[in-house]
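Make the complex out of the two chains shown on their own, each in a separate frame, by following the hints.
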Amino acid sequence: MSSILLELNEGLAIAWRAIRANKIRAALTMLGIFIGVTAVVLMSTAIKGIDNSLQNGVSALGSDVLYVDKWAWFSNDEWWRMRNRRNIDMEDFHRFKELAKLPSAIAPVTNSVQTIKFADRKVENVFLNGSNSDYVKTTNFDFALGRFYSEVESNGSRNVVVLGSEISIKLFPRGDALDKIIKIGPVNFKVVGVLTEQGSTLLGAFNPDNQVFVPIGTIFKNFTSRHFGTVTINVRAASPEMLEETKAEAEGVMRKIRGLSHSEPNDFTINQQEGLTNFLDSITIVIKIAGLFITSLSLFVGAIGIMNIMFVSVKERTREIGLRKAIGATRRTILTQFLLESSVICLIGGIIGLIAAILLSFMLNQFFPTSVQYDVVILAIVISLLTGIVSGLAPAYTAAKMDPVDALRYE
Amino acid sequence: MNIINIEHIAKVYQVGSEEVHALRDVTLKINQNEYVAIMGPSGSGKSTLMNMLGCLDTPTSGIYDFKNVSVSEMTDNELARIRNKEIGFVFQTFNLLARSDAVHNVELPLIYAGVTSSERKERARQALIDVGLGDRMHHKPNELSGGQRQRVAIARALVTNPAIILADEPTGNLDSKTGEEIMALFHEIHERGNTIILVTHEEYIAEHALRIIRLKDGLIEKDETVEKRYIPKAKASFV
Chain A
0 MSSILLELNE GLAIAWRAIR ANKIRAALTM LGIFIGVTAV VLMSTAIKGI DNSLQNGVSA
60 LGSDVLYVDK WAWFSNDEWW RMRNRRNIDM EDFHRFKELA KLPSAIAPVT NSVQTIKFAD
120 RKVENVFLNG SNSDYVKTTN FDFALGRFYS EVESNGSRNV VVLGSEISIK LFPRGDALDK
180 IIKIGPVNFK VVGVLTEQGS TLLGAFNPDN QVFVPIGTIF KNFTSRHFGT VTINVRAASP
240 EMLEETKAEA EGVMRKIRGL SHSEPNDFTI NQQEGLTNFL DSITIVIKIA GLFITSLSLF
300 VGAIGIMNIM FVSVKERTRE IGLRKAIGAT RRTILTQFLL ESSVICLIGG IIGLIAAILL
360 SFMLNQFFPT SVQYDVVILA IVISLLTGIV SGLAPAYTAA KMDPVDALRY E
Chain B
0 MNIINIEHIA KVYQVGSEEV HALRDVTLKI NQNEYVAIMG PSGSGKSTLM NMLGCLDTPT
60 SGIYDFKNVS VSEMTDNELA RIRNKEIGFV FQTFNLLARS DAVHNVELPL IYAGVTSSER
120 KERARQALID VGLGDRMHHK PNELSGGQRQ RVAIARALVT NPAIILADEP TGNLDSKTGE
180 EIMALFHEIH ERGNTIILVT HEEYIAEHAL RIIRLKDGLI EKDETVEKRY IPKAKASFV
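So the protein lines, in turn, are chains A and B.
Residue numbering for the first sequence is 0 to 410, as defined by numbering that gives the first Met the number 0.
Residue numbering for the second sequence is 0 to 238, as defined by numbering that gives the first Met the number 0.
Extracted from the complex, chain B is given alone in its bound form (with noise of 0.2 Å):
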């Protein structure tokens, strides 16, 4: 099932005077349960084409349906509501509430979803079993490492069910066995039959998917599909 279409879509900025094209004629399909990676230089154009799948910004012109409807002339609370339903969002600096316990941070999209506070405490636990964070659910984000911190972003991107997880440069700030271990669970969880987009600059993170976009000038440089897939070896689910 097809789930992202985009069709020529363009962005331009408008810095002072001047003009920048960040994406100039992208066009490209993802399917269900596709591992796909987006790569590129920096002012390639991949954060651009990051947020506009993430549905953060849209384009200026040009053609991009999620899920068969127009995602192009949606309004900002619409766009708010595709984000909390269908996208769950991995960032590089984890972006977890400080001050918040593991199990509070994962069921926040739930909040903005209006789901019952008791059945948000049941799913947001379940995610973070989940995500192998079963004895952490209490620790706030300074008492837990950095593998950790990301599961718990993880496990809150899992916990609304979305229809992609966009995971951006999300072993950035991991050393590369912490890093490795991430991978994994982004594996598994692929394997569940979750769909997921990957953007790194780093090839063999890249590798991990199925597919591969190239990103260059604004525009799409290969899309090529993973000849030799790396597969991880750590196990995913257990720190």
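Next up, chain A with everything else stripped away, as it sits in the complex (with noise of 0.2 Å):
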């Protein structure tokens, strides 16, 4: 044991040396390897920023939450059968809620794309959610400032709005955006509630940081004929152990508002946000795999390299193999002394790389989301560890298996 102690000692001071006597051509092989850790840990950490941001978006839909819609948010249905489907109308919501007794909350909500002014501010193309003073129960959402709009001016229609951060931090930069006036469209709506972060930039305009929350009365008032739009009706089961139930009667509620006989198919369909994760999943895999390939092909890259220069550092020492053999090393040795070498090689640039793509995660996470985290340390120093071991193992059972004699009398 102890003897194999020594020899690793030994062998790390072997390659140490080896490593120092050829400084730059030690350093060019590090660079392969860096290279490609750097990109694989990055590659991960971006892989991980993705995972976590949607996860974070999606979540703030809410897992227990149900809407019913007119559309399909992922189907294999033609657009258009879905397009001739009647609309969802405040007649439906009103008689869903009256029927639905399952849900812990029922809100409709039907949306607009409208740009918001405050003094010399303005934010173009924001998403206007119209809905009731039960909508905020139907999500998780938490305040900054203020409160969601009340019953009261929910049914009286009052111009009063909510505002997601990212919104909110776009006109009031200040944090001082409780009771403004501020413009949707051309009519003015007093703020009553600004919501703290809650998700995700990549889900973009579904993202309810970058949405304004309005009565539902001041949408149908202002901007689109209540005739027009279709009304989606968010349904918050009990629990999430009570969702199937909740769906299954919300189903059979909506086929009774519509008066369906059992040969037809449903005109709505219930969305929920298991459809969501799995069609961003479905995307992301794709990513996932693309991205790691990509960056694996460079860690080969620099495998092939290491792999070039142990096989000239065998080649160049084999006198020296021949020596280490008459006075006694073994094959073993031998092996050892060349893996140890390529491995401490790659781990120097393995642990160069990792520094680097931290750095540059930070660095990226101003523009996309990255997520550092320690499980990435331990892969980049098992995959450069893994890649020393690999890219050595040929070069290093050349030395091994040369004959003493031959090696010594070689020029």
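Quick caveat, the hints were computed from the structure, so don't treat them as lab data.
Computed from a predicted structure; not experimentally measured.
Straight line, CA to CA, 25 Å or less: simulated BS3-like cross-link-like pairs of lysine-lysine:
1) A:Lys-189 with A:Lys-179
2) A:Lys-220 with A:Lys-179
3) B:Lys-84 with A:Lys-400
4) B:Lys-139 with A:Lys-22
5) B:Lys-139 with A:Lys-314
And the structure:
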């Protein structure tokens, strides 16, 4: 046991001396591994970042919320078939609310896209969410300032608005949004609340941070005719476990409202977060595989570089290998020595690459979600060690099986 | 005490489709504290014999007992162990590690013997003092003269207290004066009780030994005791 430790220790010393003797060569070889590890680590932090960001965004939608909608979020049905469905109107919503017993909250939602202004600041193409005061119960919103609009304000279609965090930052950089009068389109609205940051920028307009929330009546009054748009009914189950039951009830209630016979298919869709998760997963898996494959290629090129250099190193030191064998080094000792050398080169390159990747991902985080986790550190070290061992194996084996007589005579 | 016992060994190399008989039928015994020179023209098989004696190679046929243990059937690892513990090599071209200082070069065989670092250093220093390089411990090979380099190599051969010192043309790369000093060192080492096998093609170097084995065409042509032995006049331990 102690002789193995001794061997490792001596092997490391030899490796270190060999690397120092060829500084430029070792540095260039390390560069290959450095680039490879940086790319792989950066890619995996980016993937982690995308994952986290999507997960946050999706969970902001709520895992226990159903969306009864004219449109299916994800469907193989043809688009025109859904277009020909009847709109869901406020009448449907009221009857649904009367008939459905299981949900903990039900809210109608309709949307509009408007430009919002305050003083000389404006934000274009803002997603306007019109609902009633129950809407907040179908979400997990937290408020940075103020409150959600009340039942009275909602029923009276008062011009009050709750701002998503991003919108608030854009219009009120100093955070003094409360009670200010802003213009949505041509209409004045009073700010009664501001949300805390909810989720991810990746979800774009679907992110509550980029939306504003107004009573549904104000949308019908000012922006979209009541008879034109369709309403989504947001239904929150009493608990995630109740989701399936609530969904079944919702389907029955909707079919009843629509007066559908047994043979007719649903002329509505009940959407849920799961569908979105599956859809996003199917996209990100492709990004992940493609990204890791491409970055692995650069690591592979680095590994070839190491192997190449190790072959040169073995060739150059043929006489040294012969001598070491003559004075008692076994095959295993020689094998260990060269494996250690390639591993040390890879490890140094890998650690520098890891540091670079972490710094880069902090910089990149300004534009793109990244997430450095400690398992990435382990990943990088394992990858570089593995690369060192795998690419050093063939050269080290060549060295180990050299005949001492021939090696000593090598010119 | 008998150290080396070789009976009817032969070595055949396969070169392409041709068989080369490097050694045909060699029988010899070497006892402790002998000083043997092996001579012969190139192609006589003296290199092959030396590799065999040094356990760098095994014979195709015949018996080779080293300290009454059969070497012929040893595995690579066992051969490596014998070379490490029992044989001290001195080469014509010194074969020192260029990037390592004298002490590290000398302690190299002890690393493979599994000796601890502090003991290694101590023994390496002592061996360097023994060959007269007490003041050159931390010089690298390129900071040493040819003679000094060969002394480092001799210290490396001595440091494990081997049963035999096997020197292959140890003066071949040295001028005659330095060569003389190295031969004086071998003389001293022999006087201290070591067994030395010297491979050379120069008569006057061979005459430093007590016994000369002459090879020709893979056979022993002559095995003789040196009548008029040459005793080096140079002082060995001081450069």
